[in-house]
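Q: Residue-level listing of the chains:
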Amino acid sequence: MEIRTHKLFGIGCLLLVIAPTAPAQQPFTSVAEEVNRKVVKLFGAGGFKGLPSYGSGILISPKGHILTCNNHILSSTDLRVHLYDGRFYHAKVLFREPELDVAVCKIDDEVDSLPHFDFAKSAAQPMAEVGDWLLAFSNCFHIATRDEPMTVQRGVVAAMAELRGRRGVFDAAFSGEVYFIDGIVCNPGAAGGPVTNRKGELLGVLGRELKSTQTDTWINYAIPIQAKADIQREEGKTVKIDMAAFVKESIEGKYRQSDPNKAKKDKGGYHGIILVANAVGATPPYVEEIMPGSPAAQAGLRPDDLVVYLDGELVPSIRLFRDVMRQVGPGQEVTLEIQRVNRLLTVKLKLGDQPKEKASK
Amino acid sequence: MRKRYALLSLFLGSLVAATASAQPGPGLTEKERIAVVQKVKPSVVAIFARGGQGGGTGVLISDDGYALTNFHVVQPTGPTMQCGLPDGVFYDAVLVGLDKVGDVALIKLLPKKEGAKFPFAVMGDSDLVREGDWSLAMGNPFLLATDFTPTITFGLVSGVHRYQYPEGTLLEYTDCIQVDASINPGNSGGPLFNMKGELIGINGRGSFDKRGRINSGVGYAISINQIKNFMGHLKGGLDSDHASLGALIASETQKTGLGKMFVTSILEDSDVARRGLQLEDELVSFAGRHISSVNHYKNVLGIYPRGWRMPVVYRHEQTRKEILVRLMGAQRKVIDDPTQPKDGAPPKDNPYKDKDKPSKEKPGKDGKPIPIPKGPFPQGPMPKGPPSPAAKFFEAKPGFANFYFNKLERERLMAGFKQHGDFTAVDGNWMLDGTIRLKKLRTESKARIEIVDEKAEDGKGTKPIVKLRIDEFPYFLEPFKEKQEPGVLKLPETSGGLLSALYLYHRLMTQGDKGFGKDFVYGGYEPFYPPPQDGKTMPNLGSLRVDCEVANSKLGPYLVKWFFDRTDSKLVGFEVRLEENEDPCEVYLSDYRPVDGRLLPHRLQVMYGDGHYGTFNFTSFNLQGAPK
Chain A
1 MEIRTHKLFG IGCLLLVIAP TAPAQQPFTS VAEEVNRKVV KLFGAGGFKG
51 LPSYGSGILI SPKGHILTCN NHILSSTDLR VHLYDGRFYH AKVLFREPEL
101 DVAVCKIDDE VDSLPHFDFA KSAAQPMAEV GDWLLAFSNC FHIATRDEPM
151 TVQRGVVAAM AELRGRRGVF DAAFSGEVYF IDGIVCNPGA AGGPVTNRKG
201 ELLGVLGREL KSTQTDTWIN YAIPIQAKAD IQREEGKTVK IDMAAFVKES
251 IEGKYRQSDP NKAKKDKGGY HGIILVANAV GATPPYVEEI MPGSPAAQAG
301 LRPDDLVVYL DGELVPSIRL FRDVMRQVGP GQEVTLEIQR VNRLLTVKLK
351 LGDQPKEKAS K
Chain B
1001 MRKRYALLSL FLGSLVAATA SAQPGPGLTE KERIAVVQKV KPSVVAIFAR
1051 GGQGGGTGVL ISDDGYALTN FHVVQPTGPT MQCGLPDGVF YDAVLVGLDK
1101 VGDVALIKLL PKKEGAKFPF AVMGDSDLVR EGDWSLAMGN PFLLATDFTP
1151 TITFGLVSGV HRYQYPEGTL LEYTDCIQVD ASINPGNSGG PLFNMKGELI
1201 GINGRGSFDK RGRINSGVGY AISINQIKNF MGHLKGGLDS DHASLGALIA
1251 SETQKTGLGK MFVTSILEDS DVARRGLQLE DELVSFAGRH ISSVNHYKNV
1301 LGIYPRGWRM PVVYRHEQTR KEILVRLMGA QRKVIDDPTQ PKDGAPPKDN
1351 PYKDKDKPSK EKPGKDGKPI PIPKGPFPQG PMPKGPPSPA AKFFEAKPGF
1401 ANFYFNKLER ERLMAGFKQH GDFTAVDGNW MLDGTIRLKK LRTESKARIE
1451 IVDEKAEDGK GTKPIVKLRI DEFPYFLEPF KEKQEPGVLK LPETSGGLLS
1501 ALYLYHRLMT QGDKGFGKDF VYGGYEPFYP PPQDGKTMPN LGSLRVDCEV
1551 ANSKLGPYLV KWFFDRTDSK LVGFEVRLEE NEDPCEVYLS DYRPVDGRLL
1601 PHRLQVMYGD GHYGTFNFTS FNLQGAPK
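Those protein sequences? They're chains A and B, same order as listed. The letter at position 316 of the first sequence is residue 316 when you use the numbering used here, and the numbering goes up by one with no holes. Adding 1000 to a residue's 1-based position in the second sequence gives its number in the numbering used here.
I should point out that these hints are in silico values taken from the structure, not numbers from a laboratory. Where is the CB? At the ideal position from N, CA and C, for every residue including glycine. A hint or two may mislead.
[Stated by the list, open to error] No more than 20 Å apart at the CA atoms, straight line, and that leaves these computed lysine to any residue pairs for SDA-like: (1) B:Lys-1321 <-> B:Glu-1282; (2) B:Lys-1210 <-> A:Ser-212; (3) B:Lys-1210 <-> A:Asp-171; (4) A:Lys-199 <-> B:Thr-1029; (5) B:Lys-1260 <-> A:Arg-80; (6) B:Lys-1467 <-> B:Gln-1484; (7) A:Lys-211 <-> B:Gly-1212; (8) B:Lys-1260 <-> A:Asp-85; (9) B:Lys-1210 <-> A:Arg-80; (10) A:Lys-211 <-> B:Lys-1210; (11) A:Lys-211 <-> B:Arg-1213; (12) B:Lys-1210 <-> A:Asp-216; (13) A:Lys-211 <-> B:Arg-1211; (14) B:Lys-1210 <-> A:Ala-172.
[As the list claims (entries may be wrong)] With beta-carbon atoms standing in for the labels, derived distance ranges: (15) A:Gly-329 <-> B:Glu-1280: 57 to 63 Å; (16) B:Phe-1090 <-> A:Ala-45: 50 to 56 Å; (17) A:Ala-158 <-> B:Asp-1064: 45 to 51 Å; (18) B:Glu-1280 <-> A:Arg-164: 54 to 60 Å; (19) A:Gly-329 <-> B:Glu-1252: 38 to 44 Å; (20) A:Gln-214 <-> B:Phe-1090: 42 to 48 Å; (21) A:Asp-112 <-> B:Ser-1062: 51 to 57 Å; (22) B:Asp-1547 <-> A:Asp-216: 53 to 59 Å; (23) A:Pro-115 <-> B:Glu-1252: 22 to 28 Å.
Could you put together the complete structure from these sequences and hints?
A: Shown next as structure tokens:
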């Protein structure tokens, strides 16, 4: 029932181009309709700890490549996509780039001629400026399913500045320059949706629900499609990658994915805990050794301690312990609950700067 | 963080500034926008509970002081409230009607001088609203305005035909309008305008999640078109209910396109079951709107009142069928149901209303409205302090928001009805002659109808008798004889009770609503579908629709619903049944022509269940006065 008037918005766009100042009763209706065909609703992992199991994505190829936020919902083995016309597909993640906080997924089916943004062309445009109008499209609050159009909101580029955000103790993955938006557009499920200018041209990717580390208030932002980031390759080289290159190489299937763990490794603070060998898939985080003089030693941790909770969250595996600790920066404090023989102890651990040589495995 | 999807009850938190930009939108100059604001602003009402405990917003919709707001705004105020208009004047107001499921209430402001006119907003067509349109929300967020001047917020329509889940069965937002215009606590019940200054919705809900109960860029307005469906109920002082189909519908996921909707369960005593819908049938459209997802279905169903009859198209195996379905309630029986608590406790959930939810990917699932402040409402005690001057316009009655207005509407309706003829002088025996074309015979037969009073057996007084003769076949009914089998009351067979219906018609015509005592209540607006004349094929059923006002009455064993044309209050038909959940005898009246200065229908069509019983054409009316 919503699949109508495709011709109409064609005419609408034409009108906007020819006579942008002509009085129109529905100024953004045709733009909203056009952009809505190029956005998808994503459903995947989540549904706990205030993390939504739904999100938003941007179609960037006629064959169903989707640019979205590199967030938790992609961890699902059952990632699902709803198109603007109600079509329903499964999708898989092709490449993630944590430093840009975006990922490219692809519809796991033969599709062709989907409406999409020409990413390379959009990224070649100049960036928006402070004061410019913008439109944000997302499936915030999971309002839409199937063929229901996504939410459109309007705002203004309030500022352009480096992102200093956090969710809980975790710092934002991306720390480059972003568009700060005056509208309240970063709601649950909005991350990964497009931000366009008033003509519906792609400007950026809607960000996550983050609080400013400086003011502790909720922030609304989008990562510009011209964003760049320094990426560490395995061989120790640092390369600059922009989002357009990431998108292009991902669609071509030849993006050199950086090891997200590697890339992140040196970001975490130093704790000095060496765990037992990660022998099986879910080896519990038993302490093998404590580096002398390390924050862990100062906190009184000992070999054979078992880390049970990390900041109140159960950490059943070494992998999860490492994932979480990598997100905690120097100077930040975490609370560990450890089991020592048959007692449960609470230990506060303030992380230090990473020593020159690698201290954790 | 725990109060998600909260209703905008009063909460004075920190203020998030409206993000309305100083720039005008394309196609609308700043001057034009200011002009629209100035035009509609006087209609915005600041509503306060008497004694100053809480409040919200409303909007005037008529010059005699009727104003719309949210149910959850008047819930804490009780049946009388105080209202401020932007001119700075304070008015007393009284609750008129309620739609609790839809979160709508109608109130009436009392003019300072008898007959003084109020400014009011003109209602638009919310089905024309599109995502990306500009909109204006007005209201009293955070109760900022002590001089009652509304705060104006400006924003985009973020989505239309949105569905937001109810709290239990109440406060369900179906087919609603989503806006990014800032809507905050205190805005509840206030108007959403399009840029022509037409009222397109009533603001009442938001998605809030982690950011507290203040605007987070996602607000919802009840569409004005839904409210129009309930306007008769609201003006008639009813405590109305929304509809359910009586069947559960689930979507079958289809990768390549939209889902198909299938019947997974059906209530045996529902009208939709009697009309032939079966398990595994595919629901194609409802009320003329194509259904392809559970959200569509709930949106379309959710905008109609209980009891409305709507066309449904379904596919049974390979056959496409269209039926008219009488909708069941969303709440369990509301009106005069002794099983329902009378103390204002919410009715129990109707299990058939709630279960038809989508499976995995339903929207708004993690949202629940803020619990409504519990108040003994609407039949609770009046607020303390001196009685409001509006209290004399309030009359409590179970099943009604304010029975005073039901009487008012009933009187208005009956006054219009009487314009078509005064039958008080011919209130005795009636004899109608003409022909009947019986559906089963397909030929014309001579017919005579007599409604007469005969001496009772015990010699005291009289008793009514209905006689019908079709050719040589006589039918006879004594409508009020004790202990009659329902089969007798439904004579002739396959008519569903034509004899009873004729008696009740005579009673309404000659005695009016008084003939039904207290059990004659105004029932709001309903659609009515007069069948096409004999020999013509049925077009789509929706095209037959005539908008009517209805009255519901009870007399002895009979339940009667009367349909009056909304334009001229002419009686266009009625339905008679013995039980709530059974097919009525449907009588359609047409071909009105004057007889001795009174308008009388010369054609009377009778339908029952899925069948057409027959059509009378009258050639002579012999109407006598009763002996004095």
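Q: Hints numbered earlier in the text: which of these fail when held up against the supplied structure?
A: Violated hints: 9 and 19; rest satisfied.
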